[in-house]
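Novice: According to my numbering, numbering within the sequence shown proceeds without interruption in unit steps and concludes at 79.
Zero decoy hints are in this set.
For lysine-lysine, the following BS3-like pairs were computed, each having C-alpha atoms within a straight-line distance of at most 25 angstroms:
1) K60 x K47
2) K19 x K60
3) K47 x K73
4) K19 x K46
5) K73 x K19
6) K60 x K14
7) K60 x K46
8) K19 x K47
For each label pair, taking beta carbons as the anchor points, the in silico distance ranges come out as:
9) A78 x S10: 26 to 32 angstroms
10) Y74 x S10: 28 to 34 angstroms
11) L17 x F51: 32 to 38 angstroms
12) G37 x Y74: 16 to 22 angstroms
13) S10 x F53: 35 to 41 angstroms
14) G75 x Q21: 19 to 25 angstroms
15) Y74 x Y9: 31 to 37 angstroms
16) T44 x R13: 17 to 23 angstroms
17) R13 x R76: 26 to 32 angstroms
18) F51 x R12: 36 to 42 angstroms
19) G49 x W11: 28 to 34 angstroms
Hints listed in this document are in silico derivations from the structure and should not be mistaken for laboratory results. Fair warning: this is a prediction, and the values are worked out from it, not measured in the lab. Virtual Cβ for every residue (Gly too), placed ideally from N, Cα, C.
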Amino acid sequence: MVVAFKNRYSWRRKIQLAKQQLLNRKEFEDVQLDVIGSGHVWFTCKKNGDFGFTKIFRVKYTFETEIFEYFDKYGRPAS
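Hey, can you work out the whole structure from these sequences and the hints?
Specialist: Here it is in structure tokens:
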């Protein structure tokens with residue numbers, strides 16, 4: 001699946017909006033762009049857990065459906 005964008009700034013804007021949604025919705029302390037794929041991007045997100053441990057998640061954002069999928073740092077679906 002390949003998503004066509006009008007120009008290079010439109011996909012950058014989509015990525016920035018997705019990153020901002022992650023920061024607002026899940027209250028992650030740190031969100032970094034990890035991988036840009038064909039029609040999707042992966043973010044690495046860090047969240048402070050219990051007793052000072054940092055939890056690391058990978059989040060896949062699909063451009064066409066605008067859906068976030070949450071995974072643990074090993075790629076397994078997060079529960």
